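Colleague: Produce the complete structure using the sequences and hints provided.
Residue numbers (numbering that gives the first Met the number 0), protein chains in the order written: chain A, 0 to 309; chain B, 0 to 522; chain C, 0 to 292.
Don't read these hints as lab results, they were simulated from the structure. The structure presented is a predicted model; accordingly, all values stated were derived computationally and were not measured. Each statement offered as a hint is correct.
Partial list, derived from the structure: chain A residues whose beta carbon lies under 8 Å from chain B:
id, residue
1, VAL158
2, PRO258
3, GLU266
No residue lacks a Cβ here, since even glycine has one placed at the ideal position from N, Cα and C.
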Amino acid sequence: MFVVLRRVGQALLTLAAAGVLVFGMLAVTPGDPAQRVLQARGVLEPTPAAVAAVRAELRLDDPLPVRFGRWAGDAVRGDLGVSWRTGRPVAGEFAERLPATLRLTVAALGLAVGAALLLGTVAALGAGRWPDTLARGIALGALVVPSFVLGVVLIDVVVVRAGLGRVIADGTWSTVLLPAVVLALGAIATWSRVLRTSLLEAGSATHLKVAAARGAGPVRRLVVHQMPNAIAPFLTMVGLGTASLIGGAAVVESVFTWPGVGRFTVEAINARDMPVIVGFTLVAVVAYVLASLAVDLLCAWIDPRLRSPR
Amino acid sequence: MTPRPTLIRLAAAVVAVLLTAGCVQTTGGDEAGGDPPDTLTIATGFAIDDLDPLVNGFWGPEFGYVELLMRPNRAGEPTPWVLTDLTSTGPTTWELTLPDGATFVNGAPLDAEALVDLFAFQMAENDSLSASLPGATATATGPLQVTLTTAEPAPSVPALLADESILPVYDVAAYREHLASGAPASELVGAGIYTGPYVVDSLDGATAQLSPRADHWAGPPALSAVTVRFVPEASARIQAVQSGEADIALYPSTASAPTLEGRDDAFFVTGEPTGPTFQLWLNQQQAPFDDERVRRAVYAAVDYDAIANDVMNGLYLPATGLYTESRPWAEKTQSTDVTAAESLLDEAGWSREGDGPRTRDGQELRFAVLTYPQQPDSDTLALAFQAQLAELGIGVDIRQVPDLDAAMQDPTDWHSSIAGNGFISYGGDHVSPLFRYVRSDGQRNYGGIDDPELDAMIDRLAVELDPAARDDLLRQVQWRIAERGHLAYIGLRKPAVVTGPAWRDYEIEGSNLWVSRDTAPGG
Amino acid sequence: MTGAGILTPVAEPAVRVVERGTGRELLARPAARVGLAFAALLLVAAVAGPWLLPDPDLPDYTRQLAPPGPENLLGTDQAGRDLLARTVAGARSSLGAAVVVMALSGVIGLVVGTVAGAVGGFVDTVATRITDVLLGLPTLVLTLAVVGMLGPGHLNLVLAMALTSWAGLARIARSVARGAASRPDVVAARMAGIGPVRAVLAHVLPGVAVQVSVAATLGLGEAVLALGALSFLGLGAQPPTAEWGTMLAGGRETFAAAPWQLIGPGLGLVLAVAAATLVGDALRDVTDPERGR
Numbered sequence: 000m001f002v003v004l005r006r007v008g009q010a011l012l013t014l015a016a017a018g019v020l021v022f023g024m025l026a027v028t029p030g031d032p033a034q035r036v037l038q039a040r041g042v043l044e045p046t047p048a049a050v051a052a053v054r055a056e057l058r059l060d061d062p063l064p065v066r067f068g069r070w071a072g073d074a075v076r077g078d079l080g081v082s083w084r085t086g087r088p089v090a091g092e093f094a095e096r097l098p099a100t101l102r103l104t105v106a107a108l109g110l111a112v113g114a115a116l117l118l119g120t121v122a123a124l125g126a127g128r129w130p131d132t133l134a135r136g137i138a139l140g141a142l143v144v145p146s147f148v149l150g151v152v153l154i155d156v157v158v159v160r161a162g163l164g165r166v167i168a169d170g171t172w173s174t175v176l177l178p179a180v181v182l183a184l185g186a187i188a189t190w191s192r193v194l195r196t197s198l199l200e201a202g203s204a205t206h207l208k209v210a211a212a213r214g215a216g217p218v219r220r221l222v223v224h225q226m227p228n229a230i231a232p233f234l235t236m237v238g239l240g241t242a243s244l245i246g247g248a249a250v251v252e253s254v255f256t257w258p259g260v261g262r263f264t265v266e267a268i269n270a271r272d273m274p275v276i277v278g279f280t281l282v283a284v285v286a287y288v289l290a291s292l293a294v295d296l297l298c299a300w301i302d303p304r305l306r307s308p309r
Numbered sequence: 000m001t002p003r004p005t006l007i008r009l010a011a012a013v014v015a016v017l018l019t020a021g022c023v024q025t026t027g028g029d030e031a032g033g034d035p036p037d038t039l040t041i042a043t044g045f046a047i048d049d050l051d052p053l054v055n056g057f058w059g060p061e062f063g064y065v066e067l068l069m070r071p072n073r074a075g076e077p078t079p080w081v082l083t084d085l086t087s088t089g090p091t092t093w094e095l096t097l098p099d100g101a102t103f104v105n106g107a108p109l110d111a112e113a114l115v116d117l118f119a120f121q122m123a124e125n126d127s128l129s130a131s132l133p134g135a136t137a138t139a140t141g142p143l144q145v146t147l148t149t150a151e152p153a154p155s156v157p158a159l160l161a162d163e164s165i166l167p168v169y170d171v172a173a174y175r176e177h178l179a180s181g182a183p184a185s186e187l188v189g190a191g192i193y194t195g196p197y198v199v200d201s202l203d204g205a206t207a208q209l210s211p212r213a214d215h216w217a218g219p220p221a222l223s224a225v226t227v228r229f230v231p232e233a234s235a236r237i238q239a240v241q242s243g244e245a246d247i248a249l250y251p252s253t254a255s256a257p258t259l260e261g262r263d264d265a266f267f268v269t270g271e272p273t274g275p276t277f278q279l280w281l282n283q284q285q286a287p288f289d290d291e292r293v294r295r296a297v298y299a300a301v302d303y304d305a306i307a308n309d310v311m312n313g314l315y316l317p318a319t320g321l322y323t324e325s326r327p328w329a330e331k332t333q334s335t336d337v338t339a340a341e342s343l344l345d346e347a348g349w350s351r352e353g354d355g356p357r358t359r360d361g362q363e364l365r366f367a368v369l370t371y372p373q374q375p376d377s378d379t380l381a382l383a384f385q386a387q388l389a390e391l392g393i394g395v396d397i398r399q400v401p402d403l404d405a406a407m408q409d410p411t412d413w414h415s416s417i418a419g420n421g422f423i424s425y426g427g428d429h430v431s432p433l434f435r436y437v438r439s440d441g442q443r444n445y446g447g448i449d450d451p452e453l454d455a456m457i458d459r460l461a462v463e464l465d466p467a468a469r470d471d472l473l474r475q476v477q478w479r480i481a482e483r484g485h486l487a488y489i490g491l492r493k494p495a496v497v498t499g500p501a502w503r504d505y506e507i508e509g510s511n512l513w514v515s516r517d518t519a520p521g522g
Numbered sequence: 000m001t002g003a004g005i006l007t008p009v010a011e012p013a014v015r016v017v018e019r020g021t022g023r024e025l026l027a028r029p030a031a032r033v034g035l036a037f038a039a040l041l042l043v044a045a046v047a048g049p050w051l052l053p054d055p056d057l058p059d060y061t062r063q064l065a066p067p068g069p070e071n072l073l074g075t076d077q078a079g080r081d082l083l084a085r086t087v088a089g090a091r092s093s094l095g096a097a098v099v100v101m102a103l104s105g106v107i108g109l110v111v112g113t114v115a116g117a118v119g120g121f122v123d124t125v126a127t128r129i130t131d132v133l134l135g136l137p138t139l140v141l142t143l144a145v146v147g148m149l150g151p152g153h154l155n156l157v158l159a160m161a162l163t164s165w166a167g168l169a170r171i172a173r174s175v176a177r178g179a180a181s182r183p184d185v186v187a188a189r190m191a192g193i194g195p196v197r198a199v200l201a202h203v204l205p206g207v208a209v210q211v212s213v214a215a216t217l218g219l220g221e222a223v224l225a226l227g228a229l230s231f232l233g234l235g236a237q238p239p240t241a242e243w244g245t246m247l248a249g250g251r252e253t254f255a256a257a258p259w260q261l262i263g264p265g266l267g268l269v270l271a272v273a274a275a276t277l278v279g280d281a282l283r284d285v286t287d288p289e290r291g292r
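Modeller: Below is the structure:
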């Protein structure tokens with residue numbers, strides 16, 4: 000129990016540090032925020048009066064710590080401010096697009112975990128022989144092909160030419176396959192390689208040699224003995240990688256016109272829409288912290304060695 | 000240790016996700032041959048945020064759910080749209096006549112009273128209107144007659160009434176109620192405050208769904224449904240047409256035209272241009288363009304013909320001046336003359352030895368041209384511009400900026416730019432752009448033009464009611480701008496859309512009026 | 000023992016130490032040889048290309064979207080520019096930007112890590128916490144955030160990436176520096192009266208720098224990929240710069256009719272990432288502390 004509390008405390012600490020970091024970046028952004036708010040709203044030549052009004056509206060003249068306190072308080076309550084570009088609450092804009100992003104990330108996560116388990120296991124079982132070479136080759140291929148290049152090719156070949164799938168993805172499960180595959184590739188490559196290594200390391204343990212001597216077959220040894228030992232680092236990797244998936248989603252969503260948070264953020268960057276950019280960073284950070292927390296707790300549950308001594 | 004249940008759970012989860020992700024059927028929209036479709040799906044690059052007439056009313060006329068009093072017609076005079084007649088009854092008075100029995104979608108009548116109310120409300124809320132017609136008033140002179148009285152003679156009234164961002168027709172009473180209720184703008188969907196032949200039934204960040212209005216004052220519309228999809232990526236819009244997900248893609252880039260040649264799933268359809276599209280600005284507030292001769296030399300060095308025919312493969316027309324040649328008052332002020340350009344540069348002290356760069360006092364003649372990603376053609380034009388000026392020994396660097404207007408605000412931070420701006424207002428007015436772009440106090444006079452003589456000409460033009468005298472003044476203005484090297488157009492893009500097979504006869508009306516009551520496949 | 004957490008990520012591999020002889024062992028591995036060959040190919044192209052090829056920025060409107068052939072080995076783009084020349088020029092700008100990114104983050108990481116490892120105590124704790132938080136957060140998200148603050152542009156993108164990718168290098172530097180600080184020769188030097196700063200500069204820094212540069216070099220592949228992706232989205236290099244991501248974005252609309260536009264920049268990216276991955280993998284195997292199979 001103490002471990003859990005301690006771990007939750009760590010997560011909160013990271014969140015707080017990330018919050019300070021994000022707000023700090025916002026504070027040092029060059030240029031007058033009021034000016035940029037007006038420009039993002041399409042006012043090209045704001046009068047000094049208009050700038051002053053926006054400064055007052057956003058209470059930009061308060062001291063920095065006061066502004067940070069207000070910003071953090073709002074963020075904790077789920078208020079991420081108002082998009083400078085659309086004039087609507089950022090939280091609302093995200094809520095509208097989050098389901099699509101989650102759908103994409105979850106599908107990619109599922110694909111990545113499944114494929115990585117398969118490739119990693121095959122490679123470990125046949126270490127040094129052709130299944131290993133093949134699996135590692137696939138992983139290397141998945142790693143080196145840039146997702147946005149693959150996305151462009153897939154849309155043209157699969158969607159436009161072969162007539163499968165849709166160009167204007169509507170963010171539902173029926174159109175998720177292609178973008179999810181593209182998004183999953185990098186993770187498949189990394190995760191399968193990690194799994195292979197940890198399976199092999201677990202395989203060199205003494206008790207496995209004993210098990211082998213007692214006649215346990217390679218598959219049985221793998222499932223019963225190696226996997227439980229190798230799964231913790233794998234799961235940790237998956238937890239950490241989930242947040243990178245969200246970052247990668249920004250690229251993949253833009254290529255596939257997936258109506259998610261990432262694509263919205265890329266548009267916001269081009270319009271210098273700061274609240275959206277900051278909001279996206281915060282959402283990604285929270286997702287990351289939660290994912291790693293969940294994975295840690297899961298690992299502790301699976302692997303008793305990670306529990307604290309009573 | 001309980002490894003097995005854990006693994007099984009894990010495996011089950013993986014399988015479940017793989018099944019949902021992998022085994023769902025994916026289908027493209029398939030357009031069955033045979034009967035022409037009676038629905039239309041348009042992919043556009045810009046999202047419509049809401050139906051608020053003050054904020055986003057201008058999108059309405061383009062997609063058929065809002066109407067204007069006059070129909071913009073950039074090729075000539077505006078013609079009556081909702082109005083049945085607009086007559087000038089004196090130097091400062093206009094009579095507006097409404098059709099019999101016209102109603103808003105919510106059932107309220109569009110009569111003289113509603114129009115007077117609308118005009119007064121827009122005068123108070125719309126800066127463009129109150130700035131264009133200061134002190135103007137509207138009074139009902141009959142059940143369907145309204146008299147508009149302006150403080151000064153205003154020849155531009157028909158063009159103003161045809162401007163999508165000045166006077167969209169909507170039910171002010173209902174809109175006031177909406178404002179008073181404090182409800183969000185999204186509540187305006189279904190409120191029926193407009194008069195258009197199509198009605199927006201639903202609107203979100205990705206799609207607007209429109210249905211026809213059977214009781215429209217001019218008769219029922221041709222289509223059973225119109226869908227507008229918001230797709231910011233130009234290539235995705237075209238691919239959506241190719242895959243059958245959209246019938247028409249708006250704002251295709253010129254670069255995509257050659258890729259559609261010889262295909263039967265998408266067609267690059269062009270229309271008649273209403274005016275030149277890309278301004279070539281030279282910033283007079285800085286060297287080298289503070290010298291009139293250098294500006295004129297650059298404008299004379301551009302090969303307008305090559306840009307239209309070689310660079311843009313005929314999807315552009317050569318720019319010959321500030322207006323299209325079809326305008327009665329248009330003057331051909333732009334022509335390529337490399338010899339003249341060279342002697343102007345020599346005269347200005349920028350000399351050249353052999354094939355080297357042009358220099359003055361040891362300094363190279365080199366400047367940057369700004370382009371911007373929202374108009375990819377600006378990069379294509381800049382590249383050709385760079386190559387053409389290189390032949391004269393002028394170095395050009397291309398600099399893409401995220402926000403062109405913002406970049407040109409600083410008078411000392413840029414030399415030249417390629418900016419997509421027209422020279423005739425949306426409603427067909429040619430005076431207000433002169434005020435905006437080339438008058439010394441113009442809001443978008445980026446180049447810092449400061450020419451008192453030109454200012455005086457523009458001021459006289461603005462109040463001239465006699466057509467002959469007005470046209471004559473306008474010709475003088477064009478020559479003045481050209482002779483002083485104030486501004487030129489580098490390209491004239493033909494308006495274009497990409498359509499699917501069923502819509503390949505679609506006619507582009509200009510003025511961005513994509514959907515009208517009679518819009519149907521086959522033209 | 001606590002659960003593996005973001006403050007102590009277990010997935011982070013132990014620091015592999017490059018020693019004398021590592022290079023020879025590396026060259027004995029076929030995968031590493033292939034990777035190094037890719038890297039050499041890119042390097043030669045980037046350095047020698049401009050002398051052998053036409054001007055990458057010169058349009059030729061008589062040859063728009065020409066397919067690959069004897070005149071243009073990789074074809075031309077929509078302005079008739081030679082794609083081979085542009086790919087090679089792109090190698091200079093893409094790889095060059097990645098080198099700058101890794102050099103900048105290498106310097107930041109080196110300074111932070113060495114100071115933390117050599118000084119220890121409170122400084123170390125603070126530096127380590129910051130490093131761990133940064134290391135935990137997804138780099139691409141942070142880069143997007145910083146680009147958002149600075150505004151799109153090639154220089155801004157390079158800065159943003161440098162600012163967000165130094166944490167891993169700092170960790171390596173700290174670990175090596177800590178090991179070095181307790182080495183007999185350093186301890187002896189300190190006992191002989193040499194000041195802490197000089198001791199670090201003379202005895203600790205060189206070793207740390209070697210390890211950090213190796214790690215930074217291996218990070219080039221990922222940097223090239225991220226730079227390309229963000230430039231592709233219009234957040235980095237802008238047209239008409241010949242940069243791989245920008246070239247791919249420019250060719251996207253005409254891709255269906257002229258797919259050869261993908262070959263050059265696509266292959267460049269693949270080669271760069273493959274080179275870094277193959278060499279990195281081999282290096283990991285060679286320097287594996289538990290090696291002995």
